[in-house]
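Student: What follows is each chain in one-letter form.
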Amino acid sequence: MNGHLTEQQLIDYQFKLASEAGMDEARAHLETCEACRHRLEQLARKFASLDLLRGEIKASEALVAKTVENAATRSLRRTLSLPRFAWLGATAAALVVGVALLLVSNLGPRPQRQIYTTNAPVEEKNAVATQTGAESAAEPERLVAQDAVGGARDRQSGSAAAKPQMAPAPAAPTNDSLKAEGLARSVPVRAPEETPHGVTTNVLGAAAPVVQLDVTEEKPPFAPASAIELVVLPRRENVQLTIYNAEDLTLVRERRNLTLKRGWNWLQFMWAGTLIDPTSLALEPLEHKGEVEVRQLVFPPRLRESGRWLIRSEVSGQVPFEMTYLTSGLSWRAFYMGTLAQDEKTMHLESYVRVANNSGEDYENAQTRLIVGQVHLLDEIATLAQRQYPYDSPANLYGEGDAIGGPEDEKELGDKDTSKPAVVTGFMGDLEGLERKEVRKEGLSEYFLYTIEGTETIPNEWGKRLLSFEANDIPVTSLYKYDQERWGDQTVQFLSFANDEKHKLGQTPLPDGMVRVYGRADGQGHLSYVGGTAVKYIPVGEEIELDLGSARLVAVKPELTDYRAENHTFDRNGDVSGWDEVQTWRIEVANARTLPIDIEVTRDFETAYWTLKLEDKGVSYEKYDVNHARFKLMAEPRSKRVFEYTVTTYHGVREQSLTNVQDSRK
Amino acid sequence: MGNDESLIAAHLQGDPTAFRELVRQYGDGVLGYLFRMTGNRDQAEDLFQETFKRVHEKAHTYRGGSLKSWLFTIATRVTIDLVRRRKRLTLISLNQDSDCDDENSGQQASALAAGDAVDPADEMVKEEQKEQVRRAVESLPVGQRAALVLAYYQQLSYSEVAEVLGCSVGSVKTQMSRALATLAKRLPDSVGVTK
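First to last, the sequence lines map onto chains X and Y.
Numbering-wise (the numbering used here), the first sequence opens with residue -2 and increments by one.
Numbering-wise (the numbering used here), the second sequence opens with residue 10 and increments by one.
Keep in mind the hints are simulated off the structure, nothing from the lab.
Note that CB positions come from ideal geometry on N, CA and C, so glycine has one too.
One or more hints might be untrue.
Claimed, not checked - Partner residues aside, some chain Y positions facing chain X, computed with beta carbon under 8 Å:
no.	residue
1	E14
2	A18
3	R33
4	D37
5	L40
6	K77
7	A190
8	L196
9	D198
Bound-form chain X, shown alone (with noise of 0.2 Å):
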């Protein structure tokens, strides 16, 4: 050899990437060449720098685990494109993070707002510990959840509740009275201005003022858990649901005018029979926010399924307050019905929602929201609702920004959307008669927020179509698909189409639902059931490919019509080291519909060296991957269609031969 080795053949020799001969020739330079051994050793030290990143990524016990768990819980086939949802997530995500942020800088912690009853003098306190028989151990700055041991109990604030306006103060409720009075469970609670937006409260059944304290009684009252109590019950003077189709959850705000008495009012609300979260309850008057105050809730023992707040007026008379809360239940599900033209090549498109209420109560006239898009919840609501006792209190449960965004951020959210929101004609079936309804769409980023025009009742247990939208003569195109791999020997059709404006949509995402596609049967327009698939969101632009399942009208049938093995190549000891296997392949594709026809056909080799020869002009292929061809032709109604191909595979060594013309082709 002249000269020293090059850096190549250095790299070559030590990565055993030199044919043999060149692996000789450079040991040999090697055994008599310092100067390149050093050149080697010096290479050797820099590619060992390569392994400070060997080992680390390694596959977290989380991963493998979810891994195994997905690959076991095999997906449905989907026809829609994926990779263009990590945006959808990452935004819904980031819109989630926002609404959560947004609440935390509204239920923040405000001390100098933080009230707790009561001031109570320690002599009343320690006549009740007295009356009681009660040990006077408590603190009386504020109240705190309690467990009591039985007792005596006063029954005069029940009396009261039943005669409010005439009723003597009670005593004030100390804690050490609390311990005496039995197993109440008081939660200081935020003042108005702290109720958070996304936590909402609710009353069910009934809210009343129970007790009415004359203002100058400086002591909040005593409200025994007393079972029989009277009360008033102020009619909802408007409701507004919020339904989140992605969890089992609605934020539900209503209105109730109360009448308040200047000074301490109990009011007390009950739940049965209805799947509220109870820790989500807030209350907040609407108006005199000054001069009205919502101090407390407190969930009295052994009354299950029922609060009683405390509130603080320096008005008398009628103050509407907003009570707000989460229930489950209430669902919607939009569903989708096309329509195919005789000729297949357009498509009629309508586009329901269904609300569905199984919440336990009945919401009359209420203005219906409908959400698309994925809420983050730490609780089921529907398990929440079940507890006898809901034990925490609303601000801790949902005050440190896990609360899911109220009316408010909501409508700062819309209030940042700049797309103009669609109006689409609908209809409603009511109980009062039929009615002309829209339903008015607006996106709120990844969030979509569907509003029902006007409002609706919608009873327990009822559920009620809402049309969409509607649109006519969608270009549509139909494709048929022969693939043995995955189908088996079944035909596959498929309806393409996009949500965008060319595709006469596009004004809204189409959120998830069942699509049910029919055709005509027959020139007289009677319609029959082609196939229905189940779609995933698809945002606006967003093609989508419906899988219409098995198509009995065209078959496709393979038949393998020569085979012969050839070229076989040898090793040292004789033994067979290549062959090639040449397969002629005859396929049959017969159309009994009366409409022409695309049809797909999707050929496996079983391995990446192949060449195939087609002489059929009227067919096309290409190569779909490393194992698969994939064959298009149309073929006309009623007939048959036939075309031929010859695949020639390369086994062992033979592999080889081809890499070697496909590479003396480039």
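Please arrange chain Y on chain X, whose structure you already have, making use of the hints.
Tutor: Just chain Y, lined up with the frame of chain X:
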């Protein structure tokens, strides 16, 4: 029957622990490969799940031989499918700040917690070198990178790499040779700290 084949056979017979064992055994290697190919931890984890999902579904098509090669073949196809779907390969930085910084800060914190084990200055230099190596590997064309990762990091033989990538051994060696020649110019001269 080898251990790999036993695992597949057990999985096919419905033994749920076999598949878990398979994922555990080969998970690090497959994830490492996918991470090097995509440069993105999240994307790599998605592809990881897709790879093993296909393994789960297609286990019956495994015909013996190197299970590792078979797994990497599937992982490669999954990566190719991603490319095909997206029309572009998001072969982005191996220099994932979040991943690496988190890992590094964790490692550094552990090291510092150990007190006498590691000199922070050494660690810093080492991290810089690591970063340089990442950038060098990242800069390689896809084919060269795949060959390098499979042959060097996953320690597959050249014929196994050829099987995985669906090309000849000669092509693999060519890719490898070019990759190493490029790296020779871009890698740090030596590993360690010069004091």
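Student: Mind listing which of the numbered hints don't hold for this structure, in increasing order?
Tutor: Violated: hints 1, 2, 6.
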